[in-house]
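Colleague: Each chain, letter by letter, is given below.
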Amino acid sequence: MSHLPILPVLLPALTAVTLLLTARLSEATQRAISILSMMGLVGVTITLVMEASSGAPTPYFLGDWAAPFGIVLVVDRLSALMVALTAAIGVAVVAYAAHGCDLEGRNFHTLLHFQIMGLNGAFLTGDIFNLFVFFEILLIASYGLMLHGGGRARISAGLHYVVLNLAGSALFVIALGMIYGSLGTLNMADLALRVRDVAPGMSVVVQSAALLLLVVFALKAALLPLYFWLPRTYGATSAPVAALFAIMTKVGVYSILRVYTLIFPGDAVVLDGLPGKVLLPAALATILLASLGAIAANSLRGMVSNLLIVSVGVMMTAIATFSEASLAAGLYYMIHSTLIVAALFLVVELIAAERGEMRDLLDPAPQVRRPVLLGIMFFVGAAAIGGLPPFGGFLGKVYVLQSTADIAGAPIIWGVVLAGSLLGIIGLVRSGSFVFWNTTPRPEVEASSEMVELRSDVPRERRAIFPAGTGSAALLLALVTAVAIFAGPISSYTDAAAAQLANPDGYIDAVLPEGVPAVEVYTGARK
Amino acid sequence: MEILVTLSIGTLVAGGVYLLLRPRTFSTILGLSLLSYAANLFIFASSYLRTGLAPITSIKDQGFPDPLPQALVLTAIVISFGMTGFVVVLSLRAHADTGSDHVDCQADADKEGAA
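For the record, the sequence lines run as chains A and B.
To convert, count from 1 in the first sequence and add 4; that's our numbering.
To convert, count from 1 in the second sequence and add 46; that's our numbering.
Honestly, the hints are just simulated from the structure, not real lab data.
A portion of the hints provided could be inaccurate.
Said to hold, decoys possible - To list a few chain A residues with every Cβ distance to chain B over 10 Å, as calculated:
1. Thr-22
2. Arg-28
3. Ile-37
4. Ser-58
5. Gly-109
6. Gly-205
7. Val-274
8. Gln-371
9. Arg-373
10. Pro-393
11. Gly-413
12. Ser-437
13. Ala-491
Unchecked claim - Label pairs and their calculated CB-CB ranges:
14. A:Met-362 / B:Phe-72: 33 to 43 Å
15. A:Asp-68 / B:Gly-131: 31 to 41 Å
16. A:Ala-70 / B:Gly-131: 28 to 38 Å
17. B:Arg-96 / A:Pro-415: 51 to 61 Å
18. B:Arg-68 / A:Leu-18: 37 to 47 Å
19. A:Val-208 / B:Asp-150: 34 to 44 Å
By construction, the Cβ of each residue, glycine as well, lies at the ideal position given by its N, Cα and C atoms.
Could you put together the complete structure from these sequences and hints?
Modeller: Next comes the structure, spelled out in structure tokens:
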């Protein structure tokens with residue numbers, strides 16, 4: 005048994021602890037450890053993707069306990085893809101933070117690595133209670149990261165974020181109690197088998213548990229009735245953290261994908277396709293409302309946050325039909341949109357740092373110091389997130405539209421997705437022209453009031469000119485372009501990943517080669 | 047016994063949700079605590095309520111209670127306890143930074159809420 009699948013969890017955990025122990029060493033040492041570990045993680049996850057692309061899901065039995073009794077990690081194409089995406093964004097975020105944001109408070113890199121550990125664990129685990137635990141790990145780290153540096157806006161937005169997620173966690177625990185009480189197991193593969201012949205009296209409980217889980221995951225993914233926390237949270241936190249959080253909404257999307265293809269698939273009698281029926285209208289309404297939000301936003305960051313929600317809506321529109329083609333389309337669009345949103349959060353911060361007191365507000369401000377470079381970066385990012393050709397956003401949306409062409413509500417879906425794109429582009433054009441062309445003369449002496457809230461001695465303005473900041477934004481933009489250039493291999497990978505999701509028997513066989521265990525350990529307590 | 051446990055969980059949830067929707071951070075935290083107690087009791091009850099049985103293993107084929115929910119609830123308790131501590135510190139910090147214990151950190155809402 006290869007120990008590779010545990011490394012994406014172990015490596016960040018050990019790095020975080022090492023960073024704590026060496027907290028008294030110089031900043032340079034801390035940053036070096038952090039970046040090196042993140043690069044190592046990229047290597048590990050690329051190996052995992054290569055291994056996963058060659059065939060069946062690989063289970064990893066923790067402590068070598070047999071499947072339904074111990075906790076199992078499973079590497080299939082989807083989870084390998086997700087950890088690779090996390091690592092890629094992680095590198096850019098660490099490199100960006102290393103030019104100064106990490107000094108606004110203490111232990112930034114420790115928190116970041118714990119967050120990465122939680123993300124990777126959530127993507128890899130094959131046990132639903134373990135999924136809850138990893139959710140908590142990534143959330144606790146995200147509270148720390150979100151509030152990092154402090155300040156009034158951050159604390160006030162952070163309070164909402166924390167309380168909302170704690171309420172979500174309580175719902176998660178209740179749903180898990182219902183699942184365990186009715187099905188008697190927490191291993192996802194085992195659950196998938198037991199759901200198929202659930203006792204008639206229990207089907208109501210299973211149904212409620214499945215829909216309660218949907219609420220929890222929709223809160224994380226930021227779907228319509230539950231997304232209003234996102235623009236405020238992402239707007240208040242620091243740029244690298246917002247970029248990292250771009251992958252955090254995908255944990256919700258991933259969990260929906262995993263749970264409603266494996267445990268409660270569309271053909272499960274218990275649910276009767278209910279998740280899809282709930283998700284599709286929610287996703288479409290999310291697209292519309294968040295697109296309007298993108299136009300109405302009064303800052304660049306607010307606009308990007310709303311565009312992030314639009315992209316989640318597009319993804320969920322594809323996923324909600326739960327057909328193999330639409331899952332593949334949703335996955336391809338997810339790779340593109342996660343990278344581009346993370347890139348845009350960084351680009352916006354670079355722009356904001358050069359606009360004096362106005363930051364990223366859409367009010368006249370002095371011209372940025374590097375109008376050509378930042379203008380090109382913003383233009384590329386805007387074209388990519390708006391879904392214009394030649395970028396992956398365009399290809400992804402075409403895939404999504406194609407895959408939904410056959411279902412009943414296709415005209416509505418097409419209309420909403422295209423209208424959302426149009427609104428998004430209008431918002432981008434408006435804000436882009438405002439920021440770069442509606443400028444005021446640069447004052448002779450820079451006002452220094454903007455630096456009051458900063459703990460670091462380095463002015464925010466000078467930090468952004470440090471090449472690492474621009475470099476990591478450029479790295480993410482390059483990755484976005486690569487997603488479009490290598491659309492062929494990437495989409496064949498996502499096609500295969502969708503095929504794996506659509507046929508959960510491969511996953512179940514890998515984890516439980518002998519089917520449901522014959523030993524009924526729970527009979528003692530069951531009537 | 048079932049009715050007693052059901053009623054306590056239901057009361058905890060009702061109280062928790064009510065307090066969670068209050069405008070002060072203190073009542074919100076109390077609400078979250080009540081909600082997490084309810085969730086913990088609920089997951090504890092997912093192994094069904096049986097009394098007078100030997101733990102872990104069965105004696106004379108009487109059966110035994112399922113030990114797994116006890117382990118689960120331990121994890122959930124640790125997490126919710128830690129998070130309660132975190133929210134308490136966070137809201138104290140919000141109070142110190144903004145001079146208000148309103149969840150929206152509005153200073154003027156103090157008078158409004160007191161009325």
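Colleague: Each of the hints needs a verdict: does it hold here or not?
Modeller: Hint-by-hint comparison with the structure:
{"no.": "1", "hint": "Thr-22", "in the structure": "22 Å, holds"}
{"no.": "2", "hint": "Arg-28", "in the structure": "24 Å, holds"}
{"no.": "3", "hint": "Ile-37", "in the structure": "26 Å, holds"}
{"no.": "4", "hint": "Ser-58", "in the structure": "35 Å, holds"}
{"no.": "5", "hint": "Gly-109", "in the structure": "12 Å, holds"}
{"no.": "6", "hint": "Gly-205", "in the structure": "14 Å, holds"}
{"no.": "7", "hint": "Val-274", "in the structure": "18 Å, holds"}
{"no.": "8", "hint": "Gln-371", "in the structure": "34 Å, holds"}
{"no.": "9", "hint": "Arg-373", "in the structure": "32 Å, holds"}
{"no.": "10", "hint": "Pro-393", "in the structure": "43 Å, holds"}
{"no.": "11", "hint": "Gly-413", "in the structure": "34 Å, holds"}
{"no.": "12", "hint": "Ser-437", "in the structure": "34 Å, holds"}
{"no.": "13", "hint": "Ala-491", "in the structure": "41 Å, holds"}
{"no.": "14", "hint": "A:Met-362 / B:Phe-72: 33 to 43 Å", "in the structure": "37 Å, holds"}
{"no.": "15", "hint": "A:Asp-68 / B:Gly-131: 31 to 41 Å", "in the structure": "35 Å, holds"}
{"no.": "16", "hint": "A:Ala-70 / B:Gly-131: 28 to 38 Å", "in the structure": "37 Å, holds"}
{"no.": "17", "hint": "B:Arg-96 / A:Pro-415: 51 to 61 Å", "in the structure": "56 Å, holds"}
{"no.": "18", "hint": "B:Arg-68 / A:Leu-18: 37 to 47 Å", "in the structure": "42 Å, holds"}
{"no.": "19", "hint": "A:Val-208 / B:Asp-150: 34 to 44 Å", "in the structure": "38 Å, holds"}
This entry satisfies every hint, going by the numbered hints stated previously.
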